[in-house]
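Going down the list, the protein sequences come from chains W and G.
Quick note on the working numbering: the first sequence kicks off at 1 and runs consecutively.
Quick note on the working numbering: the second sequence kicks off at 1 and runs consecutively.
Some hints here could point you the wrong way.
Which copy? The list can't say, so a pair holds if one copy fits it or any two copies do.
[Unchecked claim] Straight line, CA to CA, 27 Å or less: simulated DSSO-like cross-link-like pairs of lysine-lysine:
| id | residue 1 | residue 2 |
| --- | --- | --- |
| 1 | Lys218 | Lys18 |
| 2 | Lys18 | Lys175 |
| 3 | Lys82 | Lys100 |
| 4 | Lys43 | Lys175 |
| 5 | Lys176 | Lys218 |
| 6 | Lys124 | Lys163 |
| 7 | Lys218 | Lys175 |
| 8 | Lys163 | Lys2 |
| 9 | Lys2 | Lys37 |
| 10 | Lys44 | Lys2 |
| 11 | Lys124 | Lys82 |
| 12 | Lys175 | Lys44 |
| 13 | Lys175 | Lys163 |
| 14 | Lys48 | Lys18 |
| 15 | Lys218 | Lys48 |
| 16 | Lys43 | Lys218 |
| 17 | Lys44 | Lys124 |
| 18 | Lys100 | Lys48 |
| 19 | Lys48 | Lys163 |
If you're looking for bench data, these hints aren't it; they were derived computationally from the structure.
Since this is a predicted model, take the numbers as computed values, not measurements.
Number of protein chains: 2
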Amino acid sequence: MKIGVFGTGMVGETIGSKLVALGHEVKMGSRTATNDKALAWVKKAGAKASTGTFADAAAFGEMVFVCVAGGGALDAVRAGAKGLDGKVVVDVTNPLDFSKGMPPTLFVATSDSLGEQIQRELPKSHVVKSLNTINCNVMVEPSRVPGDHDVFVSGNDAGAKTKVRQVLTEWFGWKKENVIDLGDITTARGTECYLMLWLRLWGALGTPDLNVHVVRAKK
Amino acid sequence: MKIGVFGTGMVGETIGSKLVALGHEVKMGSRTATNDKALAWVKKAGAKASTGTFADAAAFGEMVFVCVAGGGALDAVRAGAKGLDGKVVVDVTNPLDFSKGMPPTLFVATSDSLGEQIQRELPKSHVVKSLNTINCNVMVEPSRVPGDHDVFVSGNDAGAKTKVRQVLTEWFGWKKENVIDLGDITTARGTECYLMLWLRLWGALGTPDLNVHVVRAKK
Chain W
1 MKIGVFGTGM VGETIGSKLV ALGHEVKMGS RTATNDKALA WVKKAGAKAS
51 TGTFADAAAF GEMVFVCVAG GGALDAVRAG AKGLDGKVVV DVTNPLDFSK
101 GMPPTLFVAT SDSLGEQIQR ELPKSHVVKS LNTINCNVMV EPSRVPGDHD
151 VFVSGNDAGA KTKVRQVLTE WFGWKKENVI DLGDITTARG TECYLMLWLR
201 LWGALGTPDL NVHVVRAKK
Chain G
1 MKIGVFGTGM VGETIGSKLV ALGHEVKMGS RTATNDKALA WVKKAGAKAS
51 TGTFADAAAF GEMVFVCVAG GGALDAVRAG AKGLDGKVVV DVTNPLDFSK
101 GMPPTLFVAT SDSLGEQIQR ELPKSHVVKS LNTINCNVMV EPSRVPGDHD
151 VFVSGNDAGA KTKVRQVLTE WFGWKKENVI DLGDITTARG TECYLMLWLR
201 LWGALGTPDL NVHVVRAKK
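Construct all of the structure, not just a fragment, from the sequences and the given hints.
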């Protein structure tokens, strides 16, 4: 499968490398076609890896992962909007605001979300928010954290969520029962705000290799 | 032990009833000394239960639980401030804002928290944020949800957190290893923002008898 990955940071590189390792063709997109980090990644990742602008990566991918820093997400999807028409867009971003020091705050929260903003920016695409609650290494290798723990999907299109669920289970190794469909894209407010807890858990536990498992009473 | 409970709603009643059942003396506080719901609760809960104003309940309790609706929390602790000096104040509130429809948003989030606001309002008290991530029935009976799941404490005073940890484990039945100390009171931003996810989990799973278990990689 041909896949676009927006973002040249740790998240984009980790997801891009995993997809290449699985045998897919991946184009890493950034603001320019000659981003140093993207070129270095292509060199390392091999023949199935390529790079280009956001528009190039959007046009290339049958599915596109948005892994840029939250503050650059809307500019990135705007740059790639035409190529994203009709496609599944997996939004992995978090609206982290580092301007007030550490740990970061969120620049949009509780009454709106970056997932919703991206969906509004791409009305013809099927945005699915997922994986944003987990460190990138755990995203593509859930067994780094022992036992049952969960990943969430939020989106308006059931078919798109089914495709993302397949990516999570068949490609990334998540157990079917550990993928929780929260509902439409407005539920991205839940997973984005959860980051505020995740950051404190990281601080308290001293490792980013952590996740939560949702436990419920039996009916 | 003599305990004050601020709030006559489901949370205050559930915690108050549990404390009375454990043999403690509980004074339920509200804006007036003759609140109908508080009087009805006293009648039901028996000889160890009493009611009064917030100031009365604050003066009565050796420890005080703040279980009012988030929007009324600062007024409540202001009314009880004098009686709360030097005491452990367990803040169970969430800053839920229902003015924009359902599910609610938060009226303070990510760069501040209601827990911090309460601590600032009560500089001579030891505020510990806890239990706000869980439905009230599960707060005092964690076995309603099967298996391991966790409760958090946030606060500036280590001694106060130790006391709250004892309440959680020895009185309410939480396992020691399921009480996670997130750090100082600013970490209340984490658990309050988590409510945004909790509300969607409730929607998706169809039961409020749910909680999360934090899983981490072994070091």
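For the identical chains here, do Lys18 and Lys175 meet the 27 Å Cα criterion within one copy, between copies, both, or neither? within (17 Å within a copy, 38 Å between copies)
With identical chains treated as interchangeable, where does the CA-CA distance between Lys124 and Lys82 reach 27 Å or less: within a copy, between copies, both, or neither? within (9 Å within a copy, 58 Å between copies)
When no copy is named, should Lys218 and Lys18 be tagged within, between, both, or neither for a Cα gap of at most 27 Å? between (36 Å within a copy, 23 Å between copies)
Between copies, within a copy, both or neither: which fits Lys100 and Lys48 at Cα up to 27 Å? Neither: 40 Å inside a copy, 48 Å across copies.
Indicate which option fits the pair Lys44, Lys2 if close means a Cα-Cα distance not exceeding 27 Å: within, between, both or neither. Only inside one copy: Lys44 and Lys2 sit 18 Å apart there, 66 Å across copies, limit 27 Å.
Intra- versus inter-subunit Cα pairing at 27 Å for Lys175 with Lys163: within (15 Å within a copy, 39 Å between copies)
Status of Lys163 relative to Lys124 across identical chains (alpha carbons, at most 27 Å): within (17 Å within a copy, 55 Å between copies)
Pop the pair Lys2 and Lys37 into one bin, within, between, both or neither, using alpha-carbon distances up to 27 Å. Result: close within a single copy only, 21 Å intra versus 62 Å inter.
At 27 Å max between alpha carbons, let me know whether Lys82 reaches Lys100 within a copy, between copies, both or neither. neither (35 Å within a copy, 34 Å between copies)
If the cut is 27 Å between Cα atoms, do Lys48 and Lys163 qualify within a copy, between copies, both or neither? within (22 Å within a copy, 58 Å between copies)
At most 27 Å between C-alpha atoms: does Lys43 with Lys218 qualify within a copy, between copies, both, or neither? Intra 51 Å, inter 33 Å, cutoff 27 Å: neither.
Please work out whether the CA atoms of Lys48 and Lys18 approach to 27 Å or closer within one copy, between two copies, in both situations, or in neither? Answer is within; shortest intra-copy Cα gap is 12 Å, inter-copy 62 Å.
The structure fails to meet hints 3, 4, 12, 15, 16, 17, 18 from the earlier list, while all remaining hints are met.
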